[in-house]
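Visitor: If you're matching them up, the sequences are chains A and B in order. As numbered in the UniProt record's numbering, residues 1 to 298 make up the first sequence, in order. As numbered in the UniProt record's numbering, residues 1 to 315 make up the second sequence, in order.
Hint data in this document are derived by calculation from the structure and do not stem from the laboratory. A hint or two may mislead.
To be verified - In silico lysine to aspartate or glutamate, DMTMM-like type, Cα no more than 20 angstroms apart, as pairs:
(1) B:Lys171 x A:Glu68
(2) B:Lys125 x B:Asp226
(3) B:Lys120 x A:Glu43
(4) B:Lys128 x A:Glu52
(5) B:Lys248 x A:Glu104
(6) A:Lys48 x B:Glu119
(7) A:Lys195 x A:Glu219
(8) B:Lys137 x B:Asp162
(9) B:Lys196 x A:Asp42
(10) A:Lys148 x A:Asp127
(11) A:Lys96 x B:Glu24
(12) B:Lys94 x B:Glu119
(13) B:Lys54 x B:Asp162
(14) B:Lys196 x A:Asp51
(15) B:Lys125 x A:Asp51
(16) A:Lys102 x B:Glu20
(17) B:Lys22 x B:Asp170
(18) A:Lys48 x B:Glu220
(19) A:Lys102 x B:Glu249
(20) A:Lys134 x A:Glu122
(21) B:Lys196 x A:Glu43
(22) A:Lys96 x B:Glu25
(23) B:Lys120 x A:Glu52
(24) A:Lys96 x B:Glu249
(25) A:Lys50 x B:Glu119
(26) B:Lys125 x B:Glu220
(27) B:Lys212 x B:Glu178
(28) A:Lys216 x A:Asp244
(29) A:Lys15 x B:Glu217
(30) B:Lys207 x A:Glu20
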Amino acid sequence: MDVSGVLEAHKQKFKSVSVEGKVIPLEYDLGLLTAYDQNPIDEALLKKNKDEYLQSLSRDNAQLLFNEIFQLPTISDDNGVMAMLPTPTTLLPREKPLPKPKPETRWEKFAKAKGIVNRKKERMVFDDNTGEYKPRWGYKGINDDGSKDWIIEVPAGSNPMEDQYEARRDAKKERIDKNDKRRQRNMEEAAVASKMDQKTVNKGERPNMDNARSMKRKEIENQILISKSSTASVGKFDEAIKGDLKPKGIKRKFEPNVTADLSKEKAGNMSILDRVVGKNGEDLVNVRKAIKATKSRK
Amino acid sequence: MLRTITPRNARVKRVLKNREAKTEENIKTAIFIRGSQTSQIVNDALADLYMLKKPHAVNFTKKNQIHPFEDHSNLQFFSQKNDASLFVIGTHSKKRPNTLTFARMFDHQLLDMMEVSIEKGTPMKDFKTPKSAIGMKPCFMFNGDMWDQNPHYIMFKSMILDFYHGQTVDKVALAGLEYVISVTSGPMTSEGKPGKIYLRTYTIVLKRSGVKLPRIELVEMGPSMDMTFGRMTEAKPDVWKQSLRVPKELKPKKKKNITKDVMGDTVGRIHMGRQDFDKIQTRKMKGLKKRTASTEEEGESGDKKQRVDDSDDEE
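Isolated chain B (complex conformation) (with noise of 0.2 angstroms):
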């Protein structure tokens, strides 16, 4: 087990923060390892993926015992000490060949992993053709109708976007969309088991049309790989669901009170507090005060009149 490392320094301290649970997290870095038998078409994948994945990447060189499937504890020990939580593992037997497994990990427990075998597989150093840059966003796509509907097809898309999608923006440069990843579920098998899946990488070149939007043509760059889907380990639902979590701070906000109405014009609401209309402070008018000062000022003439009449009467 590892030891919790207690911070004796600002620089130790800052990776250790830089490594806790966040709201917006770091992009994902994978572990590329090789299994106790390695082929040359392994190899050459294992080599290939790590460059699209590089910067966050790293890529044991030295051959593992590991065996993903029966035992998972060597994953969670990785994952701790490289705070990597995508994994790649290499292996070659005359059972499974040329066998990758993609693994990923939930806080650095295993969630979910799946066995590609690989039936032909190109490196990018046989594509004779210039490479994009180290660290790009690509893009993706997805043809065929089996994406949504099988669950060894669904959880290979969820792995390709997630190895690769790198950091989630809200603006991109267009002159950046370098390469685009390509994969395609050709036809099920005959005893309806899932077919072949073809991943392709190709360079974007933006060619000169005659309007506005840029004529696309691609050349291809590699890696290129014809798979089959082997064994595959679920995510266990509730760590699914917990994975999937959004914290509130990255929820979209909605705007409450403001409408479009018919013509097409913003309308906005606004809510006043109760309103305690004979205790509202409004203009003095001077002319609409209540006559007290002169009505009282007649009263009092009125009075001396009358005294002024009875003495007069009493004389």
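Bound-form chain A, shown alone (with noise of 0.2 angstroms):
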């Protein structure tokens, strides 16, 4: 049975998928579903029917991109087939530079020396006690601290005068003060740290210093130190602070008085000249400036 004859019919009945006439065959970049058709336009037509020529360019295009399309593979979702894109080729600018990363915490450090990894929890817990399921935390939560209980026992080392109820409340509290001062301690470093990164980039050299605390400690010795001199006499004639620091690493070398060198002796002499007079009889003042500043001040 000759079945292809009945095949051609039912081919004729739809129109063609297929495009032909184009002569430089089109670029893709399936990842952002873009065409580039590289064939020159026919101008002739372009000017005749404008519109009509456009759309037929387009549909013609159009069907050569879904051809493309739906040769990609396919995955079928809850959506419907969905076809799996590659990734795309033009590149867009960003709108915002890239994050830089952040500095790590203590536990953050800690977690990764040790291998702990964070696994996510359920929010809800059953509670024994109360045989009901309650938050892991917050409010209503099994971890409450209890200051809401409405009997504490005594527990056994401790004065039976105290009030449990004020016990707990300043147990809180001193937990919270804890935690605020582990989170101010972690911003500190954070902040030393990328100073300390900024500081390497400038001067292309590693820090031998891993204590972020102790390189803020040098930070302010430093500034002491800058503070000391910035009085009017250099800071010569202060009096001595008992237990002040003492700047390290300064040390003056002088040349000796006579040398039988002379010729070091006349360099040093002529540099002097020539940053007070200028070099080579060129003067250091803009005479012709200096000239007309006078004029218009007068």
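Fit the two chains together into the complex; they arrive one by one in their own frames, and the hints show the way.
Guide: Here's what the structure looks like:
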């Protein structure tokens, strides 16, 4: 039985999905669902009936683009058949710069070193005492500190006259303060760490201080030394304070007064003269400008 | 200048976190602004482009004294306030009639911008045809040979893609491809200047064909604009380079040590560490042990025999 004739007749009923006449094959960026057609535009047709020509051209290119899209591997999802798109080839600029990696907190460093992984826990936990599900943390949670208990047993070693409710409130306050201190410490260390990165970027060297706290201490000490010498007499006549910081690493070297080598002395004196008077007889003062300035002042 | 906001509740904190720099970015928001004087064509064009860009678009309905090519500090303020990085400014003047200025920001600073003037525009409402739903991802096509050559064309192509491509996804529903934006470049003018560009928007209708692939028919939806290029400010090369940087997490990962051989089978390589063959723990086979105990026994018995003989000799 010859089925090909029937197939042909069936095919003739529908319009074709292939597109001829494209000398240069289209380029596709399927990640962005884009087709680039480099074929030259038919100017005559464009002039004659612009919109029709543009529509037919777009239809052809859309057909080719869809033929490509339908060739992609597909998966069936709840939303229907989805085509897996490749990554886009056309580079589009971002709207914001790349995020800077945040410096790790103390806990993160420790967890990384030990290999502790954060596993997601369920919000609701079964409470054996009441026999119902309660949140693990927060409002009406199971680890509520118990300050709302209607009765608190006096623990073994404590003073029987002590107010246990107050003791529990104080303990909670202490925990909150500790947490706050730790958060502050983390923020300080992060600030110093990011500053450290900037410095090393500028200098191009690695810092040899791992402790952010001692870095900050060094900074403060530097500031103290600078402020000591910012008096009118550069800190020379200040009274020495007991236990004050001494500037380290400052040594003054003096050349001997009389040397056998007189050329060095000559070179030193000539450099001073150059700086005062000017090299090769040039003037350090721009005479023309100076004249103008005095004229304008008058 | 904008004051830096310190969050006082969780909702504000979430919003600020959303506005931070991220590895995978949000969809860019666009602001549509009217200049000090606009015409009907410009208003219609802005309205249509706004509808295509919804919901990631802000429409400023009031007129603003804004001249982007002279002073772009306004744009920086708007960008920071609305967390938007794309702008379309519509103006009309005798010198530059029916002008749209497309601008892009990087880190709330101007990246690049370009001006197009609309020669002929047909708004969406003039096409009595069904429109696509709001927020769908369009297909694009750029027809003509100029799109890679001339800087005007390159920037316009980049702008259109940036505006309307939505979110970069790794899969798309085949039924959800509803409309296509087609931009065609006309011939160059006789002076060698860039010619007109024709922007058309069509809805896609899939028809049955005899084969698996569907037959595509297009129905014009609008907007339809014939434009010519105006002024342009290109991005500074170092800022442009910085804006194109891809974070390490999003770079395609290379699979190492896996190859396909001639037959098409996948072959992998496993690297073992250095092995000290003297210290490998193997199975113990008793029969292969060194015979130290039995040789000793023989030697001892031999000695004993000697002694007996000696004593015999002595006697």
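Visitor: If a hint holds in the structure, say so; if it doesn't, say that too.
Guide: Hint-by-hint comparison with the structure:
For a cut-off of 20 angstroms, the pair hint linking Lys171 of chain B to Glu68 of chain A stands: about 14 angstroms separates their Cα positions. For the hint linking Lys125 of chain B to Asp226 of chain B, the alpha-carbon distance of about 17 angstroms falls within 20 angstroms, and the restraint holds. Pair hint Lys120 of chain B plus Glu43 of chain A holds up; C-alpha atoms about 18 angstroms apart against a cutoff of 20 angstroms. Taking the CA atoms of Lys128 of chain B and Glu52 of chain A, the gap is near 17 angstroms; set against the 20 angstroms cutoff, the hint holds.
A distance of roughly 19 angstroms separates the Cα atoms of Lys248 of chain B and Glu104 of chain A; the hinted pair therefore holds under the 20 angstroms criterion. Restraint check for Lys48 of chain A and Glu119 of chain B: satisfied, since their Cα atoms lie roughly 18 angstroms apart, inside the 20 angstroms limit. A threshold of 20 angstroms between alpha carbons decides the hint, and for Lys195 of chain A with Glu219 of chain A the separation of about 11 angstroms falls inside it, so the pair holds. Only pairs whose Cα atoms come within 20 angstroms are accepted, and Lys137 of chain B paired with Asp162 of chain B is accepted, the gap being roughly 12 angstroms.
With a CA separation close to 14 angstroms, the supplied pair Lys196 of chain B and Asp42 of chain A stays within the 20 angstroms bound. Using a Cα cut-off of 20 angstroms, the hinted pair Lys148 of chain A and Asp127 of chain A holds, with the two alpha carbons roughly 17 angstroms apart. For the proposed pair Lys96 of chain A and Glu24 of chain B, the alpha carbon gap of about 10 angstroms is at most 20 angstroms, so the pair holds. Straight-line distance between C-alpha atoms of Lys94 of chain B and Glu119 of chain B comes to about 14 angstroms, which keeps the hinted pair within the 20 angstroms bound.
Proximity of Lys54 of chain B to Asp162 of chain B is assessed by CA-CA distance (about 14 angstroms); at most 20 angstroms being required, the pair is judged to hold. Under the criterion of a C-alpha separation no larger than 20 angstroms, the hint pairing Lys196 of chain B with Asp51 of chain A is consistent with the structure, at around 14 angstroms. Between Lys125 of chain B and Asp51 of chain A the CA atoms are separated by roughly 17 angstroms; this keeps the pair inside 20 angstroms, and the hint holds. Straight-line distance between C-alpha atoms of Lys102 of chain A and Glu20 of chain B comes to about 13 angstroms, which keeps the hinted pair within the 20 angstroms bound.
For the hint pairing Lys22 of chain B with Asp170 of chain B, the CA-to-CA distance comes to about 18 angstroms; that is within 20 angstroms, so the pair holds. Distance check on the hinted pair: Lys48 of chain A and Glu220 of chain B sit about 19 angstroms apart at the alpha-carbon level, within 20 angstroms; holds. Proximity of Lys102 of chain A to Glu249 of chain B is assessed by CA-CA distance (about 15 angstroms); at most 20 angstroms being required, the pair is judged to hold. Only pairs whose Cα atoms come within 20 angstroms are accepted, and Lys134 of chain A paired with Glu122 of chain A is accepted, the gap being roughly 11 angstroms.
Distance hint between Lys196 of chain B and Glu43 of chain A is fulfilled; the C-alpha atoms sit about 12 angstroms from each other, no more than 20 angstroms. Between Lys96 of chain A and Glu25 of chain B, the direct Cα distance comes to roughly 8 angstroms. Compliance with the 20 angstroms bound is thereby established for this hinted pair. Between the alpha carbons of Lys120 of chain B and Glu52 of chain A the distance comes to roughly 16 angstroms, so the proposed pair stays at or under 20 angstroms and holds. For the suggested pair Lys96 of chain A and Glu249 of chain B, the alpha carbons sit about 16 angstroms apart, so the restraint of at most 20 angstroms is met.
A C-alpha spacing of about 14 angstroms is found between Lys50 of chain A and Glu119 of chain B, which places the hinted pair at or below 20 angstroms, so the restraint holds. Between Lys125 of chain B and Glu220 of chain B the CA atoms are separated by roughly 12 angstroms; this keeps the pair inside 20 angstroms, and the hint holds. Restraint check for Lys212 of chain B and Glu178 of chain B: the C-alpha separation of about 19 angstroms stays at or below 20 angstroms, so the hint holds. Distance check on the hinted pair: Lys216 of chain A and Asp244 of chain A sit about 18 angstroms apart at the alpha-carbon level, within 20 angstroms; holds.
The straight-line distance between the Cα atoms of Lys15 of chain A and Glu217 of chain B is roughly 10 angstroms, inside the 20 angstroms bound, and the hint therefore holds. The suggested pairing of Lys207 of chain B with Glu20 of chain A holds, with an alpha-carbon distance near 19 angstroms, which does not exceed 20 angstroms.
The structure fails none of the hints (numbered hints given earlier).
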